[in-house]
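Visitor: Protein chains in written order, with the working numbering: chain A, 1 to 471; chain B, 1 to 108.
One thing to keep in mind: the hints can contain errors.
[Claimed, not checked] As a list, the in silico EDC-like pairs of lysine to aspartate or glutamate whose alpha-carbon atoms are at most 20 Å apart:
hint, chain 1, residue 1, chain 2, residue 2
1, B, Lys4, A, Glu14
2, A, Lys388, A, Glu374
3, B, Lys21, A, Glu64
4, B, Lys4, A, Asp456
5, A, Lys344, A, Asp373
6, B, Lys21, A, Asp71
7, B, Lys4, A, Glu420
8, A, Lys182, A, Asp146
9, A, Lys252, A, Asp277
10, B, Lys4, A, Glu374
11, B, Lys4, A, Asp62
12, B, Lys4, A, Asp37
13, B, Lys4, A, Asp42
14, A, Lys388, A, Asp20
15, B, Lys4, A, Asp222
16, B, Lys21, A, Glu14
17, A, Lys344, A, Glu420
18, A, Lys241, A, Glu179
19, B, Lys4, A, Asp452
20, B, Lys4, A, Asp71
I should point out that these hints are in silico values taken from the structure, not numbers from a laboratory.
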Amino acid sequence: MTATYAWSDHRIFEAGTGPDARVLLFGTDHASLFALDGSARDVLARWRGRESVDLRDASSPDREVLEALRDALVLVPASPQRRPAPAPIDPAEIPLATLVLEVAQACNLRCAYCYAGGGSYGGESRLMHPEVARRAARRLVESSGDRQLVTLVLFGGEPLLNVPALRAAVLEAEAAASEAGKQLVVSLTTNGTRFTPTLLDFLREHRVGITVSIDGPPEIHDANRRYAGGRDRRTYADVVKGLALLRTHMPKPPAARVTLTPAQWSRIPEVFRHVLDLGFLEVGIAPVSPVTAALLPTTEQDAALFTGFALLAAQFRQAAAAGRVLPFSNLLDLLARLHVGSVKSSPCGAGLGYLAADAEGRFFLCHRLAGEDEFQVGNLDAGIDHAKIRVCLANQAASRAQACRACWARSLCAGGCHYENHLREARLGQPPGGSCDFIRRWLEVGICVFADLCRDPGNPVFAFLGRRADG
Amino acid sequence: MKKKIIAALNEKARAIERLAKGEEKTAAALGGPPAMPQGCTTIFDTGWETNPRPTYPIGNCQASARDFHGCAGDCWWPAQVPDGLTNHSDFDVACPNIARDWRNLKYE
Chain A
1 MTATYAWSDH
11 RIFEAGTGPD
21 ARVLLFGTDH
31 ASLFALDGSA
41 RDVLARWRGR
51 ESVDLRDASS
61 PDREVLEALR
71 DALVLVPASP
81 QRRPAPAPID
91 PAEIPLATLV
101 LEVAQACNLR
111 CAYCYAGGGS
121 YGGESRLMHP
131 EVARRAARRL
141 VESSGDRQLV
151 TLVLFGGEPL
161 LNVPALRAAV
171 LEAEAAASEA
181 GKQLVVSLTT
191 NGTRFTPTLL
201 DFLREHRVGI
211 TVSIDGPPEI
221 HDANRRYAGG
231 RDRRTYADVV
241 KGLALLRTHM
251 PKPPAARVTL
261 TPAQWSRIPE
271 VFRHVLDLGF
281 LEVGIAPVSP
291 VTAALLPTTE
301 QDAALFTGFA
311 LLAAQFRQAA
321 AAGRVLPFSN
331 LLDLLARLHV
341 GSVKSSPCGA
351 GLGYLAADAE
361 GRFFLCHRLA
371 GEDEFQVGNL
381 DAGIDHAKIR
391 VCLANQAASR
401 AQACRACWAR
411 SLCAGGCHYE
421 NHLREARLGQ
431 PPGGSCDFIR
441 RWLEVGICVF
451 ADLCRDPGNP
461 VFAFLGRRAD
471 G
Chain B
1 MKKKIIAALN
11 EKARAIERLA
21 KGEEKTAAAL
31 GGPPAMPQGC
41 TTIFDTGWET
51 NPRPTYPIGN
61 CQASARDFHG
71 CAGDCWWPAQ
81 VPDGLTNHSD
91 FDVACPNIAR
101 DWRNLKYE
């Protein structure tokens, strides 16, 4: 019988203070989460430094704890053989699940932080031809293999600048999905300034899920989100008008997508509260991508971002204690994954079931990388270029492979956003790993909030998280 | 009641706990069979070809897993394991991990 064990990668967290203090153990390989009692913590502290653990060397009380750690797969049989690295995922074997259509590579706004260069993703502003939209929509369904559910995302630029292509894509995807016996989900991200009753009727009839970009109270929103053609042309008032129209036409409130520049990160809690009070279903906050060096945060700004997110997490915890769900999308997504213990071997689905198509029908790894030749992976005529996807993903992973191997959070993060990494490293010449510290601290907040929820296993929040994890 | 030394908090941790207790019958508890190549070596070579099938003994190489079932099922392999013909038809419930749990097998 094996008596010699080695430690598998894990991380210990001290959560809470005083009588609420708890010691948590996160197992990296399985994304498992355990609470340790005092004796386990002490034994762990004594034995953790050893490279190998022989249970026969342990006193009886220590052995009891070590055996429990073995059952939790924290101690694993020490094997002289190294396990080979798992075979890389083959993109060609993963059927398409989501296609993002850049139906309008044009925008009526000129947001100061736009990663798409005023909506065009480089080059001239242009609209997708309805025929390209139809072909792309059909290609989504045809490339979806045995998947029952396919998702079409209408994106831009501002997609509502190209209603003909938008309608063509939705109708064609519906027809193709219905022929194939599949279920179709359509979603749309818009700046909220272009709603009309006719358009909203169409979106309602076709059950299109809507996300509206809004950045908070007027002064914060208008600081960056202005109309094209003049810095003095603010958009906040029109977005609020659009929301009022949307409420009268759609059965479900939209989700909000908030983008904040580093200078605004100190105001996260009030931004969240303001947007939630406008009647959104939930609110997700994106720290802006550093499209120029001016948008790279300082250390203080990074700290403010973390403080803001942590404050919202604390509010979430308070609401959850009363059985309510505070609809902060970033935290909900994290908690749902922690609840299940889902493990990532790739940071996102880009190229692995998720692609974007630009106005000309060229495929890109994801919507944010549209227009970047380096990340073009085929087109409507030639099909999806899986070999190029493999190269793109391998290149993205290569520079961080070593850091990820040594990181406790790798099974939750798997390397972070490709686009964000590309911007920081290839465009701005930053060393890899610029976002790692924030990501790890944020994951730790999520782990502590989740452990806190676990004090009441009957909390209805778990049912909510379970449903969210199931999609 | 004695306080638990380690309490599972999320679903994955609970699956690991069930696996250790032998309540979970398959490796699917940890999110499906591990992604490993099917097939195996032709010789008895306990190595990385860990049994990916949802059958016992989980964690052994495929070759040994096959031999193991050969003992309990069609009996082409002449070795001694608790099998379906004696009083341990459900030995795999009490003994999910042979190396660790063999003491649970009580012959009467």
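Visitor: Give a verdict on every hint.
Guide: Hints, one by one, checked against the model:
1. B/Lys4 - A/Glu14: holds (18 Å)
2. A/Lys388 - A/Glu374: The hint holds at about 9 Å.
3. B/Lys21 - A/Glu64: holds (15 Å)
4. B/Lys4 - A/Asp456: holds (17 Å)
5. A/Lys344 - A/Asp373: Cα-Cα ~27 Å, so violated.
6. B/Lys21 - A/Asp71: holds (8 Å)
7. B/Lys4 - A/Glu420: violated (43 Å)
8. A/Lys182 - A/Asp146: The given pair, whose Cα atoms are some 9 Å apart, holds under the 20 Å limit.
9. A/Lys252 - A/Asp277: holds (15 Å)
10. B/Lys4 - A/Glu374: Roughly 53 Å between the alpha carbons, so the hint for B/Lys4 and A/Glu374 is violated.
11. B/Lys4 - A/Asp62: holds (14 Å)
12. B/Lys4 - A/Asp37: holds (7 Å)
13. B/Lys4 - A/Asp42: Answer holds: B/Lys4 to A/Asp42 is near 15 Å, not above 20 Å.
14. A/Lys388 - A/Asp20: violated (51 Å)
15. B/Lys4 - A/Asp222: violated (54 Å)
16. B/Lys21 - A/Glu14: This hinted pair is violated, its Cα atoms lying about 27 Å apart.
17. A/Lys344 - A/Glu420: holds (18 Å)
18. A/Lys241 - A/Glu179: violated (39 Å)
19. B/Lys4 - A/Asp452: holds (17 Å)
20. B/Lys4 - A/Asp71: holds (13 Å)
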